Amino acid sequence: LDDPLAAVDAHVGKHLFQECIINELMLGRNGNTDSNTKKRTVVLVTNALQYLSSPHVDRIVVLKDGRISEEGSYEELSKTPGSLFASFLAVLSDTGGGYTNNDDNGNGNGDAAITETLSTQSPISPTRKVVQLPASHIAVGKIENEKLSAFDKPTTSLMTDEFKEREVGHVSLNVYASWVKASGGIIVGVAIIASYGVVEGINVFSKWWLTHWSEAAGKGGDQMWYLTVYALINSTIIVATFGRIIMIMTAGLRASKKMYNRLLDVVLQAPMSFFDT
1 LDDPLAAVDA HVGKHLFQEC IINELMLGRN GNTDSNTKKR TVVLVTNALQ
51 YLSSPHVDRI VVLKDGRISE EGSYEELSKT PGSLFASFLA VLSDTGGGYT
101 NNDDNGNGNG DAAITETLST QSPISPTRKV VQLPASHIAV GKIENEKLSA
151 FDKPTTSLMT DEFKEREVGH VSLNVYASWV KASGGIIVGV AIIASYGVVE
201 GINVFSKWWL THWSEAAGKG GDQMWYLTVY ALINSTIIVA TFGRIIMIMT
251 AGLRASKKMY NRLLDVVLQA PMSFFDT
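In terms of my numbering, the sequence shown opens at residue 1 and continues consecutively.
The hints are simulated quantities; they were obtained by calculation from the structure and are not laboratory data.
Among the hints, a few may not be true.
[To be verified] Result set (DSS-like, lysine-lysine): computed pairs, CA atoms no more than 27 angstroms apart in a straight line:
# : residue 1 : residue 2
1 : Lys39     : Lys14
2 : Lys14     : Lys79
3 : Lys64     : Lys181
4 : Lys14     : Lys64
5 : Lys207    : Lys219
6 : Lys181    : Lys257
7 : Lys79     : Lys64
Since the structure is predicted, the reported quantities are computational estimates derived from the model, not experimental observations.
Using the sequences and the hints given, assemble the complete structure.
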């Protein structure tokens, strides 16, 4: 079992450990069976040391840096001076993380003096665990809190005010300049402006030619000549408009790719303090 008790509350984890892991998996109990004989072996990977004092835990293997550091029973490891497991239990006892594991099969062990009393203030957990620590621990805790209080005051806020930073009104020239620079430089910007001028110039010339054609119609000119020229002018407008669209789309894709790649690099290379918001 790969740490199934990590993402649950304390009282839920205790219930899962007793009813599911011990009663169901190890002892193989059902509604009518009351046997204490172990039916199968369960390998439990966990960092919840409070469950290891159960009498059903036969052997504890402590890992450090991917290797076995020490192994043995709860009594052996907890009473070995300088053992890694004993240091873990000391930290658990000082922080009040342990609890007395009492069930119908035996009594557990614990270094901290912990009592369970009924709690009427918590609608979730029916019990409240009270840890009795020495007065020296409490005094040291107060001193440490006073020392750390000076560092708890942030000099600057991590989050900024979005409403104050955002700009209103027209788009500034710097935004257009950044886009032009990312799309390929000043040449691309001039080419796009020139393409608009060329298309509009051909469009104006088409209207002028149509006016000229209507004025020359009464003089008996060659109508096929005027029609051919008018068709060529409109065909040129179509080709120029299509070319302008292709150029704008190509420049836009190039600018978007370059700007978003730059943005992604900045976010990925940002310090961890940037994400602490």
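Now the hints, each set against the structure:
no.	hint	in the structure
1	Lys39 x Lys14	holds, 21 angstroms
2	Lys14 x Lys79	holds, 24 angstroms
3	Lys64 x Lys181	violated, 54 angstroms
4	Lys14 x Lys64	holds, 25 angstroms
5	Lys207 x Lys219	holds, 20 angstroms
6	Lys181 x Lys257	holds, 12 angstroms
7	Lys79 x Lys64	holds, 19 angstroms
Of the numbered hints given earlier, the model fails hint 3 alone.
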